[in-house]
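S.K.: Let chain H serve as the given structure and place chain S on it in line with the hints.
Listed below are the residues making up each chain.
There are 2 protein chains.
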Amino acid sequence: AEAGDPQQLGEYVSGLSSCDQALALSRLDERLRASVLSGLDADDAAELIGHLPESQAARAIALLTPDDAAAIVHELPSDEQADVLGDLSTDQAEAILEALPVDEADAARQLSSYDDNVAGGMMVTEMLRFTPEMTVADVIAELNAGAEIYSDFDVRYAYVCETDGKLVGVLPMQNLLFVKRAAKLADLMIQNPLAVSDTTELDELIDFFESHAFVGVPVVDETGLLKGVLHREAVSYEETRAAESDYLKSQGIVGGEELRSMPLWLRARRRLSWLSINILLNIGAAGVIAYFQDTLQSVIALAVFLPIISDMSGCSGNQAVAVSMRELSLGLVRPSEMMRVWWKEVSVGMINGAVLGLLVALLAVVFDGNYYLGLVVGLALLINTIVAVSIGGVVPLLMKRFGFDPAVASGPLLTTVTDMCGFFLVLGLATMLLSKLV
Amino acid sequence: AEAGDPQQLGEYVSGLSSCDQALALSRLDERLRASVLSGLDADDAAELIGHLPESQAARAIALLTPDDAAAIVHELPSDEQADVLGDLSTDQAEAILEALPVDEADAARQLSSYDDNVAGGMMVTEMLRFTPEMTVADVIAELNAGAEIYSDFDVRYAYVCETDGKLVGVLPMQNLLFVKRAAKLADLMIQNPLAVSDTTELDELIDFFESHAFVGVPVVDETGLLKGVLHREAVSYEETRAAESDYLKSQGIVGGEELRSMPLWLRARRRLSWLSINILLNIGAAGVIAYFQDTLQSVIALAVFLPIISDMSGCSGNQAVAVSMRELSLGLVRPSEMMRVWWKEVSVGMINGAVLGLLVALLAVVFDGNYYLGLVVGLALLINTIVAVSIGGVVPLLMKRFGFDPAVASGPLLTTVTDMCGFFLVLGLATMLLSKLV
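Residue numbers (my numbering), protein chains in the order written: chain H, 1 to 438; chain S, 1 to 438.
Next up, chain H with everything else stripped away, as it sits in the complex (with noise of 0.2 Å):
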């Protein structure tokens, strides 16, 4: 399907199952992409945007006339209308946004002012609204009479408003089973119900949500106003994104996911961006191994075993940097608590970085039969591990304590001090005993 008729490769899309289509859509060139999108109908088309990653869902919508982007951002839930009216640019999503209906453009303006991983920003306003004064009977006549509106949305909680908006009751659905139709709401729903406020953060819905069972949350304004809806799911979305960004932006995959449908020159520019600030640190730690050149040309042997000590250093600062940023996420470590990820990580240090040292000493002494280059890289690799660690274990506290983001700085921050720290100590070690060594 290389190229051809749009229409007919629509045809062919909507056939296949869900990920299928995913998979096929995603490897298509951009422009094909839109223009099997604007031959679909229009709930189609919505259905698989919701299927393709986001930043692919984004360039799509950017590429049809905002005439049929509006059609199938219409039929969106409001939390993906949201996120992909969020990737566009301001201009693209205000053309978007203008063929509307105007209360959705409101209603969406609203929504992507909010960021992604506050609770406003993962909230859907699609919900069950009524008044305390209502009886059951006029919820089930509304429920009919909406019943294709009502279709695509949760109701096993309806949430309950005075006139003004204000949020003073929840209603589970299910208990209207066991009551008499004339019953008001007021009397059947929970008082005081919990709510999030709209600018509650990710870290603390992740939180409310271990602690209660709830499926879903109300979200209110500053006043009480109920905005939306916070459903678990999404928080758990939201917790694996964050799970995923970590890895990606701890492996040097920065500014966003990359897939490999992306233009070349994006991708490469953006790996080049992450690997320049590399070499620039990398510069630093060859700085050293420049200053003791002399000693270095002395005992050549040296040479064999700089990379064992920096690498070995890296793997476990990268060890200790993983188990922060763990503890950090499961809540179980504060950024304040530097002294105690410290010293728990000194120990595991002193007892690694001796077992390594001890094995790279030997190494030595077979390759080379001078005791005192085993007792050079030896020491250094103990030292240096012990350095590795505790840089490792504390940095991403600090990262996050001034509100950096520590899955992409921990990472290179930590290899460079390392290197530099092991080259100077190999060499440094090496200069003091160059007597023995030579």
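Keep in mind that the hints were calculated from the coordinates and are not lab data.
Since the list gives no way to pick one copy over another, a pair counts as held whenever it fits inside one copy or between any two copies.
Below are the SDA-like pairs computed for lysine to any residue, each with C-alpha atoms no more than 20 Å apart in a straight line:
#, residue 1, residue 2
1, 166, 133
2, 180, 136
3, 180, 139
4, 180, 142
5, 166, 188
6, 180, 141
7, 184, 167
8, 180, 144
M.R.: For chain S alone, kept in the frame of chain H given last:
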């Protein structure tokens, strides 16, 4: 709270929010943690167990008497029961199972026989289960009579089974609001409902819930008997765990999660098991340097550039690993598509390798004044970047294809090969051009 009366400590703990509880408990000595748990009501203790990291939960249960442990396990939902029992030794698990009611023990044995990452291992057995002959009035009477049991259930859907246990229908409970009380479930239920097999794996389940807007799906065995219900939430949870586990493994935390509250020796041993494999791999790379010692001694400036070449190639390769891992988990690439991935990586590698190679060549000329040194290190970095991204992109697919865990093995394998290859390129090229370099 270093020491003291466990009873009092239990009271203190139950006054905290559940996140602070998890934090406080996770910090306690293991035996003290067990005595706090045995001092609490079984249902409070079960609630707390649910908030502990899984590895701590099992260790805490293991230190209780089988009767105390059984009382707590009895209060856990069926999927958590299976997780906790699965983390214990067979003897410990059997002792607890024998102290449970017989039918609950049988159910728990069956659940814990499933792997964590198949539908059977993630489902719950708590569900509303009726027969097709029952009327709406029967269902309402049953729900009222069993209100206490059902309070912990998810009551959005009921599952309709023949008396032999074969699943024949699904019933959205809110539909009961709109029908006559004499209506039979057989006439109300959705017939031939979608179901997943108890052996369906996580990847497929993620796809399933992406393709269907269900909150849960019935799980059946190969003969169509209903075994449990799998909630979307449980799949999201396992998906998050998988992403977190990929991150930890890529950073060298293997053999399960590490928390700093674990015993020092366990933490040191687990980290060492990974480090000792790495040091062996490192010896290979060091061997290449040893082989070219004479060249290195004649042109000591090369030693300054060796770490830059190996580190930068490692970074480039890791980026490619991360993109492959991500595309595998999104289902955007199949393990067999190695040629496509390889070509996509080679093209990025040529661009980035050229830029970085030029940079490092310039650096060498500035540092040493010798254009040939620039040629050697620049060319080596260009070639090695292409090698690194090729390996980094393809190895995860190969690992997956042959049933290894790509997150664990890709990193060290990549670094070893790129180090060896990088050292070989720099020193081999230098040996060829030796007359121009000295």
